[in-house]
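Q: These protein sequence lines are chains A and B, in that order. Going by our numbering, 33 is the number at position 33 of the first sequence; the sequence numbering is gapless. Going by our numbering, 262 is the number at position 262 of the second sequence; the sequence numbering is gapless.
Quick caveat, the hints were computed from the structure, so don't treat them as lab data. There could be a bad hint or two in this list.
Residues from chain B shown here face chain A by an in silico Cβ test under 7 Å; the list is partial [what the hints assert, rightly or not]:
no., residue
1, Val-285
2, Ser-288
3, Ser-292
4, Tyr-294
5, Gly-295
6, Gly-297
7, Ala-298
8, Thr-299
9, Gln-302
Even for Gly, the Cβ is constructed at its ideal location relative to N, Cα and C.
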Amino acid sequence: MEATLAMQTKNLDFYYGTFQALHDVSLNFMRSHVTALIGPSGCGKSTLLRCLNRMNDLIPETRADGEVYFNDQNIYTEDVDPVEVRRRVGMVFQKPNPFPKSVYENIAWGARINGFRGDMDELVETSLKKCALWDEVKDKLKQNALELSGGQQQRLCIARAIAVEPDVILMDEPTSALDPISTAKIEDLITELKQRYTIIIVTHNMQQAGRVSDQTAFFLNGWIIEAGDTKDIFFNPREERTEAYISGRFG
Amino acid sequence: MNSAPEEHITHRHEEIMANIQQRRIRGKVWQALFYLATTIAVLALVILILNIFNSVFGYVLIENDVEPETLVASGNLEDMENRELIALLEENLSTGLIRRFNSEGPLEERSTEDLARLVQQRIINPTIIESWSLWESIFEQDEIRTTRSENSGTVLQFRSWLTIDFLRSPQNPRPQLAGIRTAFLGSLWMILIVMVISFPIGVASAIYLEEYARADKWYNRIIEVNIYNLAGVPSIIFGLLGLAIFVRLLGGITQGRTIVSAGMTLSLLILPIIIINSREAIKAVPASLRESSYGVGATKWQTIWHHILPASFDRILTGTILAISRAVGETAPLVVVGASTFITVDPDSIFSKFTTLPIQIYQWSARPQEQFRNVAGAAIIVLLVLMLSMNAAAIITRNRIAKNRRV
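For reference, chain B alone in the conformation it holds in the complex (with noise of 0.2 Å):
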């Protein structure tokens, strides 16, 4: 008679056992799917970032007019006197270019550095005829060597295309004197009008929509569903927007295809992001800071002010500068409303041409020489880095900000 009610128990036992290693094994699936999907992900990232390396590092064959070493015995012209190197440009050079060169600074009172890359550029003129990537430059040395031998004259150098001058130098027709500082200026100026502009346009509107525009209105749920479409239009078309607004219809103020004009696309383009952004911010905030500010008599503005500003800055912060760093990779509105494509001037004010990094590099990777390829490269690193470290200030400011706050 007892056994009856054991065996019940013992029956549900395995069917309850059963049940929970079918669970188990559907979980683990779903885990090797998760695991897959993050090695897709971090497998592309690698792979993405060792092309960026493979063409900015390599081996490159050199072809020198003047071979260094008849100038100076330790080939290095920088050992040179700064008088020799004077005579040596006076000698090779004709009138004019030492005319040009003495009224942007007298050679006289020139530094050696400065004579040497003169002597460097204008007499020894070194020309890349043939480059490698990093790959080739490993596991195709017999293949390089042959080439060297081939081309007699020549000096086999292994050469990083991200270097300081490439960083100082401006915009060159040459690819091995080609430098990213205009670029990298015009992209800094472009930030700080994006800033200026879309910031407190942004978080203002967050601020109007999110505390006092009533949701039940009409009007506030149309402009509330279009600033959403808007954050989905296509770049170029705000480029469009741009060309039509700031560089044709304005151009009296913005004088056409300058930053200013630039600045203001793209913070059209990023304001509905930081609208979005920063209404989630302030969305955030809990009830029970406002209930405790109202309930001691606040106004709707101290409470925005002194309670919902403070409590939700962290996070529009970190909105902002992410949508700014958007910006900062934006390049078809750019295109659009008219960067310059060749530019070696800095720009020094919002009424300047300029050209950013992005299209930058989308020119130097258009060029039909193979060596524009690897200073693309080494401008995408550039431009890695600018946006790397804006998040990262995004997130060391985020944490400050929720340090002092937060118990």
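Bound conformation, chain A alone (with noise of 0.2 Å):
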């Protein structure tokens, strides 16, 4: 079975001002798969990620130069429009942020500012019940969802961001924050979510990388070093870098 592509980023470097943070990227994200982005603090990873819904854009003073290809249509063009990006292709921050509002309207604001006019308490249902979440919070949907455990709020937050009915879902290091059994259980999420979502995930921790993703691709000082198979990357890297970054001797 041959993967079509989800996104695809082709000769992408991007600025902070003068300070070049991408170099020349190329890459393929496969639907419906698992892309881990790994790599040392500052090698750009993060960047990568927000271009990908150009979350960038709201940092003043930012550059991006080449193309990312989503269904086929540069998302960089001038008419383009960053909103509908991001609705297509969703994010779940480092930090756990739900809006300071009900577990409810946590889910229910995105739909509704995007024009959603089904069964609100449908979705919301629905959306909580993909991320396992439901049954923890079906009783507390009124409550402020500030007051849920940390990864709770985490996959609220994923809830949120597939109840606006995403493509693609970019996570940047989603459990960095988490306890050990917070971590696993947003790891068997994000398994469960690939069937429909493609996902496309940073994170430090390797074991991770490893665990839930079907390509890998390793960063360095802004370049890719290495991407492909994440069993090939970590078993057979044809990289020496890959390979002392992954077996911990730097990063």
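Dock the two chains into a complex; use the hints.
A: Here it is as structure tokens:
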């Protein structure tokens, strides 16, 4: 079975002012696969992730050169609305950041502002069920989301992201602020969700990358060093630097 | 052989202890200085408050044209019948005056209390010939008694200058009858106008500058620098600006020296403060909240309206109320814009002539009669209470909103 492309970057350069954070990044992201971006701090993997839904537009004095394709459409052309891109390419952040509203409203708000007209109660329920959170919060829907535990908050953020029916979900170190049990739940969830969504995840945790991802790309100083199937990267890397990083000799 | 390192260790230990001692002492010196600074500040406040209260309470020496006891046995006018009071008035006052009272409200229909007040003011006509401060009233009673015995036919009375009548009566050339009503209403009108004008404009500008304006454009930088400079411009300059623009240039609309001219001038004065405060409030909203909103496909306006404003509203409100309470206390620009020096008619629209509490206080304290110092003191208390309650309202509102928002 040949996997189709969900997203693709071509010769992408990215600048914070005069500092170049990404150099000539060309990478393919397969539909319904999990792609992990790994590398030491400051290597540009989060920057790349935030290029994929134009989140970097919010940072002043930044510039992206090159192309980012989403469904064969370059999202960095003039006529593309970044708001539409962000609806279809959802995002989960490093620190759980639910809205300071009720659990229900956290899910419903995104759908409502995007013009959702269906049964909101049902949408909230199915979104929470997809994230294995429904049983834990079904009696707390009216409660402020900030009263949930950190792991629950992060799963709520994932539920919030899928409630607007994206095609791709970007995850920026989603478990770095969580305990091991919550982390395991999120990892299970990622495996579950990849049936329906394309997932791109930045992680500092090598075991996590090995467990959840199908493809892996290794970054260093803004360059892609190596990209390919996760098992190749982990067990049979072509580059010495990749092997050194994965085995923990630097980074 | 073993002793050498041990010696070294002991030596090190002593050195470290000495060093710690030294650092402690340095800390103590600073602590003492902070303590001193706080004490000075508190002391200054206490003296200020004592000084105000000192002038608001104290003995007064009153001379009556007619002793109340000669009119009614108990000395209390309100024990008399209405018709007796009316008879007294008609007997003692000119027909012109009676006719004027009747046109304001027929005497027959007035309450006993009201009639008694007329008799008190017009017939008994108490005049304060001497007043003492609270301090003098307590510690210099011998002198007060001497003064009293020198003036026969006078009554010595302990008087609070801050009374219900003081709040209810308009301005009066005689200190014991002067009241704050007109000025208080003027200040309330002013607060209303300043709030209606400066809050929406200030918050809207803050949103624009913080969320929409591109910081790298030269004109936005100029705007920003100038707002900060405007916040530091002396208020009298705003008064001159208000005089030139609102009173003269736009006189056709504002009708000259009216509440609305003054209100717009004060709005200009506090606009930079509101903008700066609101910008700080918006800036304090964590980036993670913006990102989570944009992350689900919200537009900029949806992010601002649903997340940034609710998250910063408590601080915006506090900043605004503090700015408005500064406007309430302003005197200089209002003098320039043309607050009325003597007015007894309640302001009833934004085009009324006006006076405000600080203006009134300023005028009273500039009068030659010593008793107006007492009146000014009472007005200062009213002004302070007004400002403190506004600040308290700001704090309560902020806490209430914050409680709803955070966990």
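Q: Find the hints from earlier in the document that the structure breaks and name them by number, from lowest to highest.
A: 1
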